[in-house]
Every structure is written in C-alpha cells, then in structure tokens.
Amino acid sequence: MNAPLRKVAISVLVLFTLLIVNVNVIQVFRADELRADARNTRVLVEQYDEQRGSIIVDGTEIAVSEATDGPLTYLRRYPQGPLYAPVTGYNSLIFGNRGLEEAVDEVLSGDDARLALSFRRLTELFTGQDLSGGSVELTLDPAVQEAAMSALEGRVGAVVALDPQTGAVLGLASTPTYDPNLLSSHDPTAIRAYAEELEAQETDPRTNIAISERYPAGSIFKVVVAAAALASGEYTPETVIPAPQDYILPGTSTDLQNFGDRPCSPSGEQPLIEALTISCNTAFAQLGIDLGEDAVREMAEALGIDGTSFDIPLPVEGSTIGDIESDAALGQTSIGQRDVALTPMHAAMIAAAVANDGVLMDPYLVESVQAPDLTVIDQTEPETFSEPFSADVAEQLTRMMTNVVDEGTGRRAQISGIEVAGKTGTAENAGPDHNWFIGFAPAEDPSIAVAVFIRNGGGTGGDISAPIAREVIEAHLQGGG
Amino acid sequence: MAAPVNGPGTDPRAALAPGTAVPTRRGTELLLLGFAVLITLAAHLIIDITVTGSPGTEMVTFGLWFSALWVVAHVVVRRFAPYADPLLLPCVAVLSGLGLSMIHRLDIAGEQVGSNGAVSVDAPVQLVWATVGLVLFIAVLVIVRDHRALSRFAYTLALIGLVLLALPAVLPNSEINGAKLWIRFGGFSIQPGEFAKICLIVFFAAYLVDKRDVLALASRRVLRLELPRGRDLGPVLLAWVASILVLVFERDLGSSLLLFGIFVVMLYIATERASWLVIGLLLFAGGAFVAYQLFGHVRVRVDTWLDPFAYADTGGYQVVQSLFSLGTGGLFGAGLGGGRPDQVPVAKSDFIAAAIGEELGLFGLVAMIVIYLVLVERGLRTSLVVRDGFGKLLAAGLAFSLAWQVFVVLGGVTGLLPLTGLTTPFLAYGGSSLVANFGLVALLVRISDAARRPAGAAVATPPKLTDAPTEVVQQ
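These protein sequences, in sequence, are chains A and B.
Residues in the first sequence are numbered consecutively from 1, following the working numbering.
Residues in the second sequence are numbered consecutively from 1, following the working numbering.
Don't read these hints as lab results, they were simulated from the structure.
Check before you lean on any hint, since a few could be wrong.
[Unchecked claim] Below 20 Å or equal to it, Euclidean Cα-Cα: the simulated EDC-like pairs (lysine to aspartate or glutamate) are:
no. : chain 1 : residue 1 : chain 2 : residue 2
1   : B       : Lys211    : B       : Glu272
2   : A       : Lys7      : B       : Glu377
3   : A       : Lys7      : B       : Asp307
[What the hints assert, rightly or not] Stretch by stretch, here's where chain A covers chain B in the computed footprint (C-beta under 8 Å, at least three residues):
no. : stretch
4   : 160-166
5   : 264-275
6   : 379-388
7   : 434-448
Just so you know, even glycine gets a beta-carbon here, dropped at the ideal spot from N, CA and C.
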C-alpha cells in the first residue's frame, strides 16, 4: 500500500500548494484592489473610527466630527452647512471626500507628515490608541462669507474675496448651495436621495462656480489690457486714444460695437481713463490691437492667466485667453470676449494685483494646521504669485478704477466715506449676459479685493454685480478687518 | 499486493544498527510544545494590549490552563505512547493556541470603536472544549493500547457513525445557516458529523483491509484501466449514495464531499488501483451535476463561487467579505488586534482563516497552512512506516481526512472552491470539531507509537492475533 500512499502524500502537497498559490494571488496581487474596493467596509469603518480633524473659521468649527452611538463612531457635522459648503465640501460614505475634506484630507485624517512630529501623535502611536486627525484654521472672514452668500441668494453665481496684501481668501461663495450634512450622514439611502435631488437641479449645487468653472470675462478684462498699455510706457491714463462709435475689426466686416451701440465720446477719441470709466469697447479693441498680441498675452500670463490650474488648496481651474489667430480676434479678446475664460477666483486675483502695488500674492485658504492638541504646527507664510506690473502702473490703474466707481459704470459699488476701485463686466454668451464686477477697497490702502460673478444675470455688471461687491466690502470693513 | 518498498528515509529503524535503542524524541516534543505555548501566550498578550490597551485579567488563568493542557498531554504520551511521532502534538498545540487567541481577539472586537458586535466570551468556552478534547485524547491513548484492537469494533463503529450522520436529518430543530448539521439539547449544540467521520474512517480501514484482495484482483482491463467487477462496485456505490443522502437531507455539501473523498482515497490506497479514483471522480461528477440541477442551494453555492462579486450583497457576501479581509491583510497583515476581522460574518468559526490572514498577513496564513501540511504529512509518514495493513489504512484515512477538510475549508474561504459548512480543524470555534479532532490525533499518536516502536519492545497489552480479523503484514 506504500506506493499509493506516496502518491497521496504528493497529492496533498499539490493541493496545499494550490491553496498557498491562491492565497498569494489574493493577498499580494489582488490586495490593492480588494483593499480599495468601495464595498470593503474596513476602509470606511477605519476612516470613521478616527476622529477627523476640524475645519475652523475664526475660532468656530465649520466641520467637526462628533461621536455617535452607531456602528460608525464619528459623524461629520457642518454646523453652518450651506454657508460654507463651497469651501468644506463633504465627507460622504457614498461619494467620498470633496472640497477641503478632500484637499486637506491628509491633515484631517491624521496622515500628514507634519502631524507625525507632534507629541500627542507620538504618544498615540506608541500606546496604540486611535490616531486622531489635525485641524485646519481657514483664512475666511465669516462676515464676508455671510454677506457674499446672502447677496448671491436666488442667483447662480460666485463671490471671491481676497486680502490683496497676503493672498488670504476672505470669502469663497458659490450659489446655489447645498447642505453638506445631508451628504455626510450615515444613512446611505438618504444620502443617495439627496444627491439625486441635487443632480435634478438645473445647476448641480455641488459645482463650485468660484473656482471650477470658467466664463467669458467681458469688460473686466479691460483692466488687463489697460495694465499692458500702461506697462508699455507709451500710455498714461491721460493718453488720448481713438474711441469711435463703431469699429470694423481689421480684415473682417464685423462691426464691433459699444454697449447699447452708444458713442464713447462726441469727438471719437478720449483719454484712457475715460475709456475705462465708461467701458468703451471700440477704444479697448483698438488699443489691444495697437499693443499687439504679445503685449496683451504677456500681461495676462504675468497675472497667471495661462491655462494652468493651481491649488489654494482647493483646486482652481486654469484661466485662459485662448488662441488669438488674427488682429480681429485680438480686438475681441481685448474686451474680454472670444476665448477669454476666467474663473471668478482669477478675476479677484486681477483686482488684488492692482490693489497690492502690482504684486500678486498666492491665494491661500488655510491659515494654519493644528495638531489634535490644538498646537499650531504649520502657519502659512504669504508668498508672491507674480509681479505683473510696477507700483506706478498699479497706482495709475487704481486711479482709473476708482474713477469707474466714482463716476462710471461701477457707481453702484460706492460706499460713503470709503474710496472703492472697481471695474464692471457684462459678458456676452449664448444665454443672457454674465455680470461681473471686480474691485477693491479702501482704494488708498486696500484690505479686500473682490470678484462678483452672476451667471446669465441678464443685466449689466454695474447693475447686478456691483451692489453685491459693495455689500461684501462693507461687511469686511465694518467687521474691523 | 505489489512488493512494498521502504525508502531509506522512511523507516527510522532502518538507520539504526541492531541493538541500538530507538530515540523516543519526547524531549523534542516537549521543546516544541513549549514553543507552541509561548507563541500562543505572546499572541494573546499582543491582542489584549493592541485592542484594549492593557493585558486582560484572564491572561494568567488562560496561560496556566493552556500550559497545563499540554503538560498533561505530554506526560500522557510519554507514559502511554513513548515512541509517538514528536511533531503531531506540537502542531495541534500551536494550531489550537492560535485558534484560541483569534477567538479571544474576535471576542473583544466589540470593544473596538466602530464594531457592530458586543463583547462576547467564546474563548473560555473553547478552552473548556479543548480540555474536554484532551480528556478524549487521554481516554483514547489509555483505553486503546493497540490500534489493531479497534478493527474488532469496525461494524459497531460503522453503525454508530451512520446513526450520528443521520441524526440531525431526523431530529427537528437542527438547522443552522441552512444546513442541518446539529443536535441541540438544552443550551448545547453538537455537530455529530465530526464524530461520525472518525467512526467511519475506522470502519473503512477495517473493511477495506478485509476486502482489498477481492476489490483489487478481480478486474477487467478496459482502456489501460483495471476496472472492478460490477458486483464489487457495491461498497463505493453505497458510500456514494450515503454522501448524496447527506447532501439531500442535511443540505451539507461539505460533509458529503468530505466522506466520499476520504472513502475513495482509502479505497485507492487499499487496492492500489487508480481505476477506483477514476470511478470515484466520475461518480462525483455525476452527483455534482445532478445536485446542481436539482438543488437550489447547491446551485447558489456554485454560482456565487464562480463570481462572488456579482452576488456581493447576497449569496456571495461571506466570501467577498473574506476576500476583503485577506486582501486588506496583504503581505504582512494588520498585526494582531490591528485589523477588522470582525467585519467578516461568522469569523470565529467558518472564516477564522480569513481573520488570521487579515491580521497575520500572507506570511501568517501560509505558515498556518504549512503547519497543517506538516501535521498531515507526519500522519501519512506514520501510515508508511506502520507494519499492519489496518494501521496503515487507518492512519492514511485520518491524515487524509485532515488534509481534505483543510483543503475544502480554506479553498472555500479563499474562493478557490465553493463554500462548505466545514470547520477548520483545531482552529475554528466549535466544541464538536475540536473534541473530535483531538480524538483523531490521539489515534494518529497511537499508530505512530506502534510505527516507531522497535520490534520486540513491550506493548502494554499485546493483542491476541487470533482475535484480530485483520491480517497483520510484516513488511
């Protein structure tokens, strides 16, 4: 019986080898796939096991993990839900992390390397306790955020407010908004139902118009062209430039008109400052063509309008002026039409560059990173994004933009006792016009730069967007900021 | 019977000059048992500290009790089976120790944040079962002084085996998770199938040794295969029908597969005729096909086996969770107490291998499989060396039953085979399985003692050869 016994012994070896090979396949080759599978509750439970760090604005938690009695230990709550939704995003069982929850996930979940050095983390690591995440304090000014969100209510649009001297984001508003609490509950059915409700809306409220969408800039782009003109050294605000009622774009029969087909001046020419104040299209189209594509493009790129996206740390879509094939195209580009596409964030950055003596600061949303014991372990230092033009040019632009608000299209942004500088924009598109306003205040020592964008508002930037900017600026200045 | 050839490495006695004492290797056994206990206690301590932050209060009691089990087992072996294979007991010790640690770990999983379960106390119960198992182990070694004596009770054991096998099908209230495997009385539930398995293996061994000449010799040659005569097909058909009945009335795919596989392999070993394997395979294929056509529960099992992820929320849930568990564990595992094996359903019994794979990783799981392999191969080695045909067949049957069960269970847990209701021997939570397998190992220890015992050394009570219905073959 020994011969078959040996064969059985070898067969057993083969069977066990099969088991071992199979386990190797599962635990090595398929491990990553199995580990990351959305149905693997381990990943989720693990995430909900640990107290996620908070997102803090001005000492108040706007996103916080609270202990529950349910199977998932911590529930993410957003006490002011819709107000900060464009910033916080959500922390969903079904959809994962979005917004800052995604952008600073490493800090909040406790995986960030900076946290590894904090004493409490080391203690937790060696005592085997659950690791808790770090918190982030944001740069937002609650008064600005509230003013922006309430001014936008009922419209589809965005407001971005920056501290021009540092780049700190003071407000980041996008409407329509949603309640992140309803996407971050522990009830998958309710989450799905709410998501379907959001999807059914004309504009999904989860779209962040302030940073993820680009729109034709319209006349706010004239600030960029004016900057290029001034920076060339051949123009001052007082330089008289042609400003006809109609302008036939070179090489075409296209008649570029002013808003409402009105003349810009009886004489057909006017000083640059005047052209900006009344937002004269024919003057700026011709100015752009006279400056040449290179000058306009250089200025746009110096302001970061070169198609590249960046993080604040929320991802900001890249703004662009597009390809310019001809002088005719350059003329249209110079008044912010054609392929010019800006995010509201980038529009605010243009205003901020003017406000900060020609130094564009890197926009940032996170003031500091805090360890679980609330000690600050990283503080954001303001950094320069670029220096698109000189302080002289900036001063001249400020004078021109102040004029826009004082006596031009931006009158509705006026605040008594405070000099506001600004520029309106009414961008043509397939639907009703988009309405823009960019500006800053106080003009002599700016502490806030804003961009207001209303999608398909139908009116003018001066009528619709300028008053929103005024409310936002007022909220900031009254708040003692 | 073909001329038996013992390889030089097969028989420990061959290497020794005549007159030299055969080493008992009991010291080796004690040392290895010490390792097994050390590993178990270390695992226990690590688990307590990782999950709860401090060693549990029951640590000392558990440590003393668990150590005492193996000291007693060792002393009994030293006294009653001094020449026994020194690796059998340590393999069992480390497997059951690992099982106890893992059950304890799942007990306290309720204390981990985010767990669905409450804290339970199954590990102490399992330790009591291990103690009962040890009592059976001792009883077998003390009562059965010569394994050959068992063959005298072959038909009695067959009857007991069949009754145990049939009992759950007849008794009400025996269904757990769809399979009728249990007898319940009071707060207890036992799985008589585990004991039936051993009884039937003893019977198979006695019966086949008796009948093997007939089964092996009378044959016709068809297509290079020596086919048995029609009337000699009786026993294998009977085993096949019994397996089908188990499948039909108890809906127990595992036991059915287990018993039939064991019988066919023992038949092959006894007769040395590969044709029996072919016949067995054909019968299995036929039975499997019919079962797939007729029984919904078999069809569901097979379908979910082929694509568990397609049934991730229904029939495939358990396997999918098990695969997640193993995958998350990866190469090195999450560490004892560091994973979430509590996410897998019935992790303490059916899916304990997944829990080990998650926390000890590929390395731990493969180590565990290799320990089983060592245990099985030592059993088969015993079978090679032992002199009598009944002992050979019995040892082979017992060892192969372990191998087959481990293969079917782990294959199910890892998605290699359809899921069955079988439990991982020694490791899984469940008294019946643990106690029965202690009995199984006791028999292997007994036979290995006979195998390694030098010829002429005293046997406590030498059997009267005239009483033995088996032929004793001196090879």
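Hint check results:
With a CA separation close to 13 Å, the supplied pair Lys211 of chain B and Glu272 of chain B stays within the 20 Å bound. Proposed proximity of Lys7 of chain A and Glu377 of chain B is supported: the alpha carbons are some 12 Å apart, at most 20 Å. Only pairs whose Cα atoms come within 20 Å are accepted, and Lys7 of chain A paired with Asp307 of chain B is rejected, the gap being roughly 33 Å. Against chain A, the stretch 160-166 of chain B contributes 0 residues with a C-beta closer than 8 Å to a partner C-beta. That does not satisfy the three-residue criterion, and the hint is violated.
A stretch counts as covered by a chain when three or more of its residues have a beta carbon under 8 Å from one of that chain; for the stretch 264-275 of chain B and chain A the count is 5, and the coverage holds. Using a Cβ-Cβ cut-off of 8 Å, 4 residues of the stretch 379-388 of chain B lie near chain A, which meets the minimum of three, so the contact claim holds. With 0 residues carrying a beta carbon less than 8 Å from a beta carbon of chain A, the stretch 434-448 of chain B misses the three-residue requirement, and the given coverage is violated.
Of the numbered hints listed earlier, those contradicted by the structure are 3, 4, 7.
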